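Q: Below, each chain spelled out in residue letters.
2 protein chains.
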Amino acid sequence: MINFNAPSQYPLIGKQLVQVNHVIDQRIKTHFPQLQNALQEMANNGGKYIRPAIVLLMARILDSRINSERLIKAASSIEILHMASLIHDDVIDDSPKRRGAVSIQSRFGKDVAVYSGDLLFTIFFDLLTEFGTDRDSFQRNARAMRRVLNGELGQMAARFDVHQTLMNYLRNVNGKTATLFSLAAGEGATLADADRHQIFCARSFGTNIGISFQMLDDLLDYSSGQNLNKPVMEDLATGVYSLPLLLALRKTDPAAKLRPLLAKKRQLTSTDMVHIQQIVQTSGALDETEQLATKFTKKALDRLHELPANPTRHLIHELTISMLHRNH
Amino acid sequence: MINFNAPSQYPLIGKQLVQVNHVIDQRIKTHFPQLQNALQEMANNGGKYIRPAIVLLMARILDSRINSERLIKAASSIEILHMASLIHDDVIDDSPKRRGAVSIQSRFGKDVAVYSGDLLFTIFFDLLTEFGTDRDSFQRNARAMRRVLNGELGQMAARFDVHQTLMNYLRNVNGKTATLFSLAAGEGATLADADRHQIFCARSFGTNIGISFQMLDDLLDYSSGQNLNKPVMEDLATGVYSLPLLLALRKTDPAAKLRPLLAKKRQLTSTDMVHIQQIVQTSGALDETEQLATKFTKKALDRLHELPANPTRHLIHELTISMLHRNH
Chain A
92 MINFNAPSQY
102 PLIGKQLVQV
112 NHVIDQRIKT
122 HFPQLQNALQ
132 EMANNGGKYI
142 RPAIVLLMAR
152 ILDSRINSER
162 LIKAASSIEI
172 LHMASLIHDD
182 VIDDSPKRRG
192 AVSIQSRFGK
202 DVAVYSGDLL
212 FTIFFDLLTE
222 FGTDRDSFQR
232 NARAMRRVLN
242 GELGQMAARF
252 DVHQTLMNYL
262 RNVNGKTATL
272 FSLAAGEGAT
282 LADADRHQIF
292 CARSFGTNIG
302 ISFQMLDDLL
312 DYSSGQNLNK
322 PVMEDLATGV
332 YSLPLLLALR
342 KTDPAAKLRP
352 LLAKKRQLTS
362 TDMVHIQQIV
372 QTSGALDETE
382 QLATKFTKKA
392 LDRLHELPAN
402 PTRHLIHELT
412 ISMLHRNH
Chain B
92 MINFNAPSQY
102 PLIGKQLVQV
112 NHVIDQRIKT
122 HFPQLQNALQ
132 EMANNGGKYI
142 RPAIVLLMAR
152 ILDSRINSER
162 LIKAASSIEI
172 LHMASLIHDD
182 VIDDSPKRRG
192 AVSIQSRFGK
202 DVAVYSGDLL
212 FTIFFDLLTE
222 FGTDRDSFQR
232 NARAMRRVLN
242 GELGQMAARF
252 DVHQTLMNYL
262 RNVNGKTATL
272 FSLAAGEGAT
282 LADADRHQIF
292 CARSFGTNIG
302 ISFQMLDDLL
312 DYSSGQNLNK
322 PVMEDLATGV
332 YSLPLLLALR
342 KTDPAAKLRP
352 LLAKKRQLTS
362 TDMVHIQQIV
372 QTSGALDETE
382 QLATKFTKKA
392 LDRLHELPAN
402 PTRHLIHELT
412 ISMLHRNH
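These protein sequences, in sequence, are chains A and B.
Mapping of the first sequence onto this note's numbering: position 102 corresponds to residue 193, and the numbering continues sequentially without gaps.
Mapping of the second sequence onto this note's numbering: position 185 corresponds to residue 276, and the numbering continues sequentially without gaps.
Worth flagging that the hints you see were computed from the coordinates, not collected in a lab.
A quick note: this is a predicted structure, and the numbers were derived from the prediction, not measured.
It cannot be assumed that every hint is accurate.
Just so you know, same-sequence chains aren't split out, so a pair can sit in one copy or run between any two.
To be verified - In the DMTMM-like style, the derived pairs of lysine to aspartate or glutamate whose C-alpha atoms are separated by at most 20 Å in a straight line are: (1) Lys201 / Asp180; (2) Lys139 / Asp181; (3) Lys201 / Asp181; (4) Lys321 / Asp181.
Could you build all of it, start to finish, from the sequences and the hints given here?
A: Okay, structure coming up:
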């Protein structure tokens, strides 16, 4: 995957990404100096800035000369919202690491992590009140945040459910992951004064790459090596069944082997987990996951191609394709 | 303290409080039925609805016939914001109980509690986009939420600090507690089309009763009985030094006894804590706390009396006085 962490490598929006980074740095202020440092480290280290890049690129497709302060603030706000989710996800997963560095929660404890995620939510809304054009834009953003959380909660409600449908999985992924991609693309288009159909295409592009992005994440978790992958282990231990496992459960033979193992729920041993991973790997579910992801990527590109053809559109096209081939 | 949980007892705003309760009930929707039930229980059981009542009463002082949907939504939004804070506070305190019922986090776990607090934040903002009149109102609300969190973080930064100044304590209390009272009073006045000075008085009233409310909470924690009070124990265990303890630390003799005990930090035993509580009780700090709280209450009433004299103002006056005498 292309690394947005080095904005200077991306001449089209490199300067703007530096400005985004600067806005984020400026906004993260608290009466708690150590926390502020930790948040700033998080903002500077390893963030791929995919979501702000989508805001900037989508705006640029539709208005090649766009370079407003409002656009930079919109791009920053979505990264801040994403950071807030990451911090709260870490509280839940007890993750010791985040973006290569020690996570906020393992460094300062759960309490600081909960509040600092909350603080980022408020910084998000504060920025929103500055770049938002009207009541509609506030509502779109507030509702996007709500869809993200409903996706997270939907995923939790489905924990340990071997009968979970693909539709349910898709609805949750659509909420927890695709919403921010869709918001990013839609806000970029809106700020570039796009027309309704263009905004619709931008959002739909975002939704579809968001879904394929999550599916490929799920795929990568299951695909590499013979040893137990940490994300797979964490998911199985908490009863989160991602796409490869759900697809394997739809096949008679693998399902017959998987069900008695999954029935152990929180009592799964490492050996059980390795076993589950191997069953999924040999079931053909990984190929199916990749095919599904490709389908969503194709849908995203179809929408993209309804927007004006120009070098920026070409760049997004390439980034989208490269997503499909990351770590392969 | 007068119980807003039985709105029918308050003829002036009883019907409106029922509407507030209805709005909250309607808005708490998730893809997680059990969580929804728990949130609805929380909304219906034992909430004193002090903050919505302040919104409604303050609006009514300034416009005795006010009864708009926007006002109900504003009142509901502040209670939802308060509920969100309570849920996240419980995650941090590991509280098993909340409002007499089992807390969200002890019933569903930390993960659900973190996300459901987040969900309430988004419901707050969603409501805000409906009743907010302009960019200013969005900013006021977004910034209020931020001040609440900065207060919480400030309190954390001061943990185990025996040199914490009263100014620092006040700044944190102003953020974490008084902000919502000030927001409630200010939004009520704004929605009643009050003039600038009236809005200023309303906010200042809110800030001052908020501070005295918190001081009296701190006082009640320390004052009752010979046995160790649970809130005192929780505060000492986490290094949160509230007003009675800070005032005792300013007195030569009690401070000399307290410092070596407090130096044990997280290693304090129950016996140590009982000892600390007794030193505070006999130091004269409780009287001083009450005097300070009375000072802030008086300031609040002075501001209140700059607003039009009418039965609603009389009612708020009485509620404010009754706050000073709760549980005494």
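Q: Each of the hints needs a verdict: does it hold here or not?
A: We went through each hint and held it up to the structure:
no.	hint	verdict
1	Lys201 / Asp180	both (11 Å within a copy, 11 Å between copies)
2	Lys139 / Asp181	within (18 Å within a copy, 33 Å between copies)
3	Lys201 / Asp181	both (9 Å within a copy, 12 Å between copies)
4	Lys321 / Asp181	within (14 Å within a copy, 30 Å between copies)
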